[in-house]
Amino acid sequence: MSLIQKISEKLGLNQGPKLPIPEFYQAYEKLFEVKYDENTLLSQAEYAIIDTEATGLDLDTDEIISIGGVTLVNQSIDISQSISFYIKGRKISDREAMALHGILPDQPFGMDELEALESLINFIGNKIIVGHYIGFDLKMINILLKKYGAPALKNKVLDTAELTKRLDFPLRNYQFAVNKEYTLDALCARYGVIPKARHTAAGDAYITAILFQKLLSDLDKKGISQVKDLKR
Amino acid sequence: MNEIIHRVNDFLKDFPPFTYMDKDTLFTISGKVIVKFFAKGEFIYKEKEATHEFIYVVNKGAVSISNTEKGYLVESCDEGDLFGLRPLLADSAYVFTAQAAEDCIIFSIHVSYLKPILKTNPKVALYVASVFAGTLEKRMHSNVSTLNAANFDPSLAGIENLQDLKVPVTCGPHLTVHEVAKLMTAKNVNSIIVVDANGLPIGIVTDKDLREKVVAGKVKKKAAISVVMNSPVYCMKPTVTVAELQIQIIRRKISHILITEDGSIDTRPVGIVTNQDLVLAESNNPAIIIKQIRKTRNPVALRHLRDVTDKLLTYYLDREISIDYLTEIISEINDQIIKACIRASFDEIDQYQYNEDDFTWIALGSQGRKEQLIRTDQDNGIIYKEEIAKSPEETKLKYLTLAKLVTQKLAVVGYELCPADMMASNPKWCMSIEEWKQTFGLWILEPGQEEILHTSIFLDYRKIIGSPDLTAELTDYIFSIIDRATGFLNLLAKSALLNPPPLTFFRNFVVERNGEHKDAFDIKQRAMLPLADAARLLVLVRKIPKLNNTPERFRKLAEIDAPNKEVYLMAAESYEVLMRFKAKTGLATQSSGRYINPNQLDKFQRVLLRNCFEPINDLQQIIKLRFQFSTII
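Chains A and B are the protein sequences, given in the same order.
Residue numbering for the first sequence follows the working numbering, beginning at 1 and increasing consecutively.
Residue numbering for the second sequence follows the working numbering, beginning at 1 and increasing consecutively.
Bear in mind the hints are in silico, worked out from the structure with no lab data behind them.
Heads up, a few of these hints could be off.
As the list claims (entries may be wrong) - With a cut-off of at most 25 Å between alpha-carbon atoms, the simulated PhoX-like pairs for lysine-lysine come out as follows:
| hint | chain 1 | residue 1 | chain 2 | residue 2 |
| --- | --- | --- | --- | --- |
| 1 | A | K156 | A | K30 |
| 2 | A | K222 | B | K291 |
| 3 | A | K221 | B | K565 |
| 4 | B | K437 | A | K165 |
| 5 | B | K253 | B | K218 |
| 6 | B | K32 | B | K123 |
| 7 | B | K437 | B | K565 |
| 8 | B | K385 | B | K428 |
| 9 | A | K221 | B | K222 |
| 10 | A | K180 | A | K35 |
| 11 | B | K494 | B | K396 |
| 12 | B | K494 | A | K165 |
| 13 | B | K396 | B | K339 |
| 14 | B | K48 | A | K165 |
| 15 | B | K385 | A | K221 |
| 16 | A | K30 | A | K180 |
| 17 | B | K70 | B | K48 |
| 18 | B | K182 | B | K222 |
| 19 | B | K404 | B | K463 |
| 20 | B | K385 | B | K463 |
| 21 | B | K494 | B | K463 |
| 22 | B | K428 | B | K404 |
| 23 | B | K556 | B | K543 |
| 24 | A | K88 | A | K156 |
| 25 | B | K32 | A | K127 |
| 26 | B | K385 | B | K311 |
| 27 | A | K88 | A | K147 |
| 28 | B | K463 | A | K221 |
| 29 | A | K165 | A | K180 |
| 30 | B | K339 | A | K222 |
With the hints as constraints, model all of the structure from the sequences given.
Rendered as structure tokens:
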């Protein structure tokens, strides 16, 4: 995105011809017509635990390389329902990112971008989205949605890093939290999850799901058992 | 490519029966696995519940399979173990209960994926059948003893080795005291077993009972014998060893043990063993070793006797002989060796006269706590009285001379010199009682980090030889200032909290990350120290004197702090298990035994060891509460 594009967007100038909202998004939107029952037990809620890997950390220039996700429904992760796909034709310039993901530049295989987005949206449905420092992933997904003329995601979101801090600091004095103790690696070490296939989207999503189950059980012990209890 | 399926596949492929499956089959199954988390205590299934359509594999954590109705554990399943196989046999209900013994991740596999493999892959079928049979067998023989004793140690021999196992004389409960006394005299026995109409034992009467209760006039001669008898009779099985009998006689302070057909009072008596029978059967036993030590002055000979003790210790450990008994006898042997070295040194020093009333030799650290099962570094000190006829310097020199000789002799016996020089031969730790008081006063009233380190070793002092007045005086002094020492206690409490429980949430051992012992688990630092520190702190706060042994400290705390009784009792038991581990490892590897490789433990040992860490967290909570620490320290 060029600077001029950016500015004009901020000023609401660059509307151009409006793209039609894609069909898959319309179906997705319908799922939210029924108001979510906030009394749902956390143990009974349905979750989509996702992770994305991107070419870098710049929202403006970097792109999603791969997406992974598992569902937690009925307190079970069904491996056959998990997703893991790469997006075709991504150019990875950042050498570090290459080494990190073990991906070659100009990745030849994978799905088309739109196809991947559609699969992801179908996968998520109206489940609660869970992820580790999920904010960045959500922004990337929303940028992608926008590119195809769709509004942003509508789901409820839980962040496992935030939840862990919440458990560690019941008084919410998060200023004492040391951020490096809340990375996925640090939490893996803390909870004894073997970080296999780390830094692949699917691998990280799976690990996050395992951590999330442990967190749910700990939250339950503290009397936080309904979706509404998680509201601040 | 889905990394999650790879992950599941990578885990399963290392465990039977999945090892026997071909790659594609296993990969397909891996892709169908359902992953579930169970928090500790949650049930996977319960007895009599309709079977699920899944079989289960433990991915992380541990699951206990038990018969809840009769209350026994059938099996403990660890990582990679298969359980809940009933659905494969088309059984309609579970026979046992499966409960998460720890936080667990369980892989569930639908039976419809497995059934076809069972038909086509005989190896898989055989393995599944054997797991099933194994569980069954365990159910049938839950009491099987796995202990194997070496034959040549007489204390480990069976009771058939006793000179002659006497058949007990029995009588009915309605006989009078007088009639029973006559019967015992006529049969020339010092005990009689009172039996019911079916010949089953209901009580025992010994010479001593007759003396204390009847002759002393507390009970009339015409009273029924059931009034006098001790009930129930303590019984053991015919397969017990002499050592086990000895232990029970010492622990229960009884003089007779009845041998019945199955060791319970519900079967008929077959023999009676007395204290004296056991004395006759002994030869290579602790009492004899102690006797020999007392007669020896030569450190090389003492070393040999201590080696013999190690051998005895090995056998006792193999026999799972109780740790409190073991620590009792091994400490006694250690103490006797130190005494022998001190007395030998008295004789060798011409220029000074030593009087055991004028000083006290104290053992510190683990030896002070009576927890030194195998020889480790020396930690000791001397407390002496100032002598009016001598200058303070002269007096100090007198005891330093003694200490140098004693510590060298002890080194020859195999107790290495302390690398930190915490020994009586160091002028810092060979002091008059007044100096010791000052030192402790300084440590306690103006504590710093190093002082806390010192006190954790020095506070566990125990008199080995000399005047008990000196240690008592020091203890009184410490107790007199402890109430003013809030800062000290807080520091001590903080240091007791320094080592959190050595487990991650999913129950992996926290192993050393660097250095010579990389990937080994430091059982002393990570598990024993937190327990010992907690025990020391809690008895100090309550001013309980003369109680050094960690398990004993916990047992005492259980008596006086009823709300936390369970925690303390568990801590005591855990500490004993840890001592056993450390001693066994030490003897096997000729080391201090503090480094254990978790991967080399068998499943049972791993679970046992993990369970020992449980009370650490509870104790630290008690301390946090007691010292009002917030969650952020």
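Results for each hint:
| no. | hint | result |
| --- | --- | --- |
| 1 | A:K156 with A:K30 | 15 Å, holds |
| 2 | A:K222 with B:K291 | 60 Å, violated |
| 3 | A:K221 with B:K565 | 23 Å, holds |
| 4 | B:K437 with A:K165 | 47 Å, violated |
| 5 | B:K253 with B:K218 | 22 Å, holds |
| 6 | B:K32 with B:K123 | 22 Å, holds |
| 7 | B:K437 with B:K565 | 34 Å, violated |
| 8 | B:K385 with B:K428 | 16 Å, holds |
| 9 | A:K221 with B:K222 | 65 Å, violated |
| 10 | A:K180 with A:K35 | 37 Å, violated |
| 11 | B:K494 with B:K396 | 36 Å, violated |
| 12 | B:K494 with A:K165 | 23 Å, holds |
| 13 | B:K396 with B:K339 | 20 Å, holds |
| 14 | B:K48 with A:K165 | 41 Å, violated |
| 15 | B:K385 with A:K221 | 59 Å, violated |
| 16 | A:K30 with A:K180 | 40 Å, violated |
| 17 | B:K70 with B:K48 | 14 Å, holds |
| 18 | B:K182 with B:K222 | 13 Å, holds |
| 19 | B:K404 with B:K463 | 18 Å, holds |
| 20 | B:K385 with B:K463 | 15 Å, holds |
| 21 | B:K494 with B:K463 | 28 Å, violated |
| 22 | B:K428 with B:K404 | 13 Å, holds |
| 23 | B:K556 with B:K543 | 12 Å, holds |
| 24 | A:K88 with A:K156 | 29 Å, violated |
| 25 | B:K32 with A:K127 | 21 Å, holds |
| 26 | B:K385 with B:K311 | 40 Å, violated |
| 27 | A:K88 with A:K147 | 17 Å, holds |
| 28 | B:K463 with A:K221 | 48 Å, violated |
| 29 | A:K165 with A:K180 | 12 Å, holds |
| 30 | B:K339 with A:K222 | 57 Å, violated |
Hints 2, 4, 7, 9, 10, 11, 14, 15, 16, 21, 24, 26, 28, 30 from the earlier list are contradicted by this structure; the remaining hints agree with it.
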